[in-house]
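Heads up: the sequence lines are chains A and B, in that order.
Under this note's numbering, the first residue of the first sequence carries the number 1, and numbering increases by one thereafter.
Under this note's numbering, the first residue of the second sequence carries the number 1, and numbering increases by one thereafter.
Some hints could be false.
Under the rule of at most 25 Å between Cα atoms (straight-line distance), these lysine-lysine pairs were calculated in the DSS-like manner [to be verified]:
1. K622(B) to K608(B)
2. K2(A) to K28(A)
3. K57(A) to K350(B)
4. K2(A) to K181(B)
5. K541(B) to K612(B)
6. K529(B) to K569(B)
7. K678(B) to K692(B)
8. K462(B) to K487(B)
9. K809(B) to K762(B)
10. K809(B) to K768(B)
11. K44(B) to K69(B)
12. K508(B) to K462(B)
13. K2(A) to K280(B)
14. K576(B) to K590(B)
15. K214(B) to K181(B)
16. K652(B) to K692(B)
17. K50(A) to K404(B)
18. K362(B) to K57(A)
19. K318(B) to K332(B)
20. K660(B) to K608(B)
21. K528(B) to K2(A)
22. K809(B) to K777(B)
23. K362(B) to K50(A)
24. K429(B) to K404(B)
25. K57(A) to K332(B)
26. K57(A) to K357(B)
27. K332(B) to K2(A)
28. K608(B) to K487(B)
29. K712(B) to K673(B)
30. K181(B) to K57(A)
31. K180(B) to K214(B)
32. K57(A) to K404(B)
Stretch-level coverage of chain B by chain A, calculated; a stretch enters the list once three of its residues show a Cβ under 8 Å from a Cβ in chain A [said to hold, decoys possible]:
33. 96-105
34. 133-139
35. 234-242
36. 254-264
37. 282-291
38. 333-343
Hints are computed from structural coordinates only; laboratory data are not their basis.
Even glycine gets a Cβ: it sits at the ideal position worked out from N, Cα and C.
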Amino acid sequence: MKTPYELLAVTASSTDAEIKLAYLQLVKLNPPDRDQAKFQQLHSAYETIKNATEREKYALFNYPEADFNALLDQAFMDLQPSLMSADCFEQLLRVSIDDKIFLIGNPNKLRA
Amino acid sequence: MNKKPLSSPKSSDSDVSILESQALSKQNAGQYKEAIELYKSLLKRADNADWQKALAQCYLQRALAFAAKGLVKEALVLWENYAQNAAPPHLALDRYIGWLLQTNNTAKVKTRLGQLTAQQLDEHYPELAALVGLLIITGKVDCLELLPKNAAFMTHLGFVQEALSAYRNNKLEDIEPALKKLPFRSAFRDFRTLMKAALLPPESIEQAQALLAKIPADSPYRQAGALLLAVTHNGAMLVNDLFQFTPQHIKIIVAAKNFNKKQLELLDILSKQKDRLSDKAKFNLAIQYQALFGADLAQHYCLAALSTYPAGQRDFTKHFGTINDFEAWRLKALSCERDRDYHDAEYYWKQAITVLKNQGAKGAFKIALIMRHIAVREETPEEAMIWIMDSLYADPDDRDSYIKILTYYERQQQETDAYKEWLDKSIQKFPNDVELLSLAIKAATRNKAFKKATQYAQALLKIDPVNTFAKQVLLTSHLAHARKLIKTKKFHLVEKELQRAQTITIGKRYQMQAQLMRGFFMFVAEDKKQGAQLIAESVQKLNDGLACAYFCVTLEALLLDLQPAPLLKALPPLAKDYWLSAQEITQLIKLIQQYADDDNASQALLHKALEKIKAVIKLSLKQQDYGEELLLSLCQCLDHIRHFELLTVCAKIAQPLWLKPIWMYYRVYSEAKGNPEKCSAIHSYRLQENIKIALEQKDQRTAALIGKFLEKYYESIKPKSSIFNSLFGNTDDDEDYDEDEDPMDALFGHLPDDLFDRLDLKVHELMKKNPPERMFKMLATAYLSNNVARMQKLFNDTPEILYAFLMLKAADDLGLDIDVTAEEIIECFKDQRPTSFPFF
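From just these sequences and the hints, can you work out the full model?
So this is what it looks like as structure tokens:
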């Protein structure tokens, strides 16, 4: 699960104003009438870290979460993604062919 | 296929029609195997075109059913049987060719593909065309020369090869024009989508993903799309994707992602374990692949993972160093809180506070936050308040804490000096705080400190000029002050006070209240007749009905120590059959509440004022059809001023009408005159039934009211301690006393269970190792300046003390500070009676 900092795309050293700005921008993109759940998530994240006291409280009373996916995100992040080569594309096409591919057509739609 | 012409069936055989109907019925039921046998049997008897046609259909359906089960070879044979029995054009030819391709039957594939017309390839068999297209461009099937040259398929294939060639030669700009030449209905439509998506990363990953989602589930390019989609993913999502693919697929994806050796190594481990990684395995991977995860993230993960994998503590320390004391206590406390063990959590938080205290001002704010955090978890408001008050020593500027303390004291039945003290402190700290000023106004009004209330209200109005509450208070204060001045005959000051009241713009009703007070002033100080007239006029304007007017005049007169009778004469007479409207009842409730709360009119005065209109209220309650909500408000109001006579009437009328627990409560409560001791047994049973109903209906308020009443009722019927018990002991009280005074609890009750168990284990270890004499000596040396005789005496007085000393010794040996001293142990056991030996 994402932390409030990750949800609002800010850091622990961001100022109150920066956090508020980030929150308002995200709310603009996710207004409550479009996605109530997302809005609630953002609002709750903002309330959790909106000022120094709340941030201190979060740092003190939030139990660190053992998120293995966060480690995987870090380990398998494309630092320099590149264009797929033609060779790779053709190999990908070749390995994609298996028995399932031959199951063509809809049995209810028989054509002579 | 050359078949001899079929003759009509020979109907001479009587069984034929039975067989025919059986065959048809099996065919319709989808039992093709049986149907085939029956048709074959029929055809042995006679040539019949319909039977042969039906037989062919059965073969075809059976072929399709086998193919659906993946039994392609069987499907092939059955389709060929179908083809032998049916005249061309044959159904499902494309599927037959698909099966041939799947079984690598090159000769037959070539024959069948060679027989396809351009129309069949371009229009009739789009799925087959798409498949053949993919097989041709991947070089899986060499059949290009067999296909009809005039088919659009061939032209489209040319465009595809043009695009692929541009891709291979890195002429990316030529790809798009080539792909654009492919029309929407081309057999290579999904190829185009796939290739476009392949060219979008790294710039437009999301666009590529959107394109790939457009490839239909039954397209031969679907699998390639899924592989390409995985290439566009990163991190945990990519790893989870890889779990779905074969090693061959994974190889291509990781090649496309350009993973390094370490990444490949980790991926290999992960793909072998899939999603069955244990906590231990994850912990070890986090340490082993720190270089990939980043040291900070790995440390963060391992720290958090220790709660589910505590055995990792040693490895954690080895790789990341020891956790600082504060962090260690904090994590223990949070871990306990997560398990809802708030008792132990409090202990660990206290240890964390001790560490922070050594950090001076830097740790003060954290201390305050922790104290407020503990306060939230405390069982009683009293304990919570102690923490909140203490937190203000560490952080004296927390407004919320002041509000919480004041709210707590405000809820106490009797106002204490502590409340006044905290209120003064709060106002001094936050002189412009609206909420605090409002609390100060309420307190001053309650204490009839009108001058102070006026000052606070004025201060509040300076900050918030439209604050209605402050205006109301100000007006009430002026009127109350005017009343006091009239009462004490300081008439020269009254006019000024009334003028002040009239300058407050709060609404006509309030102005009229000032006018009413002026009437009383006139009645007392100037002209009785004119005064009575003014009172009568204003009180009628002020109220919706005559009953309220009577109540109001009577109460005001009583508050001024005047006889109400002469004033009431100025009002129209109150008829015996006068009925109060629902509106007037509402107003009467408001009036009673206003006089009881704002003007602090005593219950006696309120009862006296109600006496005049009691009869008409009773009559109205019996005759009028008031709503339940209104009667409930009236009951609450009458309960507030403890007017049980009217409350009984009201509850008696309402209870049979609505049959709700609240009405049963008011009925019993009013009949017992609010005194649980007077409640009858039958009524207590009724309440017991109704508390259950209230809980079922989730009416917590009523359940709480009944519960409180029944609790007092049970207390009142509990038999008092007999002389026998008091003489010979063993009373309940004695048991309570023992429990409260248990010195072991007092000394070690604050320790978390796990710590207590650890110490207990150590105590038993000490006892095993040391005989009693050595133990006394050891404890005397450690805690009683080597005075073994004293140790012996303490033990003789109360043997349990030995266990307490051993606990202390165990803690010292383990290097733990348990916040208990030898002096405290001696003090605690001072007045204890000897009990049985704890462990000898």
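Pairwise hint evaluation, K612(B) against K541(B), where the allowed Cα distance is 25 Å at most: Between K541(B) and K612(B) the Cα gap is close to 20 Å, so the pair holds against 25 Å.
Satisfaction of hint between K332(B) and K57(A), Cα-Cα up to 25 Å: holds, 17 Å
Given coverage of the segment 133-139 of chain B by chain A, checked by CB-CB distance under 8 Å (3 or more): holds (count 5)
Agreement of K712(B) and K673(B) with the hint, judged by alpha carbon distance not exceeding 25 Å: Holds, at about 14 Å.
Given pair status - K350(B), K57(A), alpha carbons within 25 Å: This hinted pair holds, its Cα atoms lying about 17 Å apart.
Hinted pair K2(A) and K181(B), Cα distance within 25 Å: Not satisfied, since the Cα-Cα distance of roughly 46 Å exceeds 25 Å.
Restraint check for K180(B) with K214(B), where alpha carbons must lie at most 25 Å apart: At roughly 17 Å apart (the allowed maximum being 25 Å), K214(B) and K180(B) satisfy the hint.
Restraint status (C-alpha distance of K57(A) to K404(B) at most 25 Å): At roughly 18 Å apart (the allowed maximum being 25 Å), K404(B) and K57(A) satisfy the hint.
K2(A) paired with K28(A) [C-alpha distance capped at 25 Å]: holds, 20 Å
Restraint status (C-alpha distance of K44(B) to K69(B) at most 25 Å): violated, 31 Å
Given hint K404(B) paired with K50(A) - CA-CA distance at most 25 Å: Given that 25 Å is the threshold and the Cα spacing comes to 22 Å, the pair holds.
Given pair status - K280(B), K2(A), alpha carbons within 25 Å: Answer holds: K2(A) to K280(B) is near 23 Å, not above 25 Å.
Consistency with the previously given hints fails for numbers 4, 8, 11, 20, 21, 30, ordered from lowest to highest.
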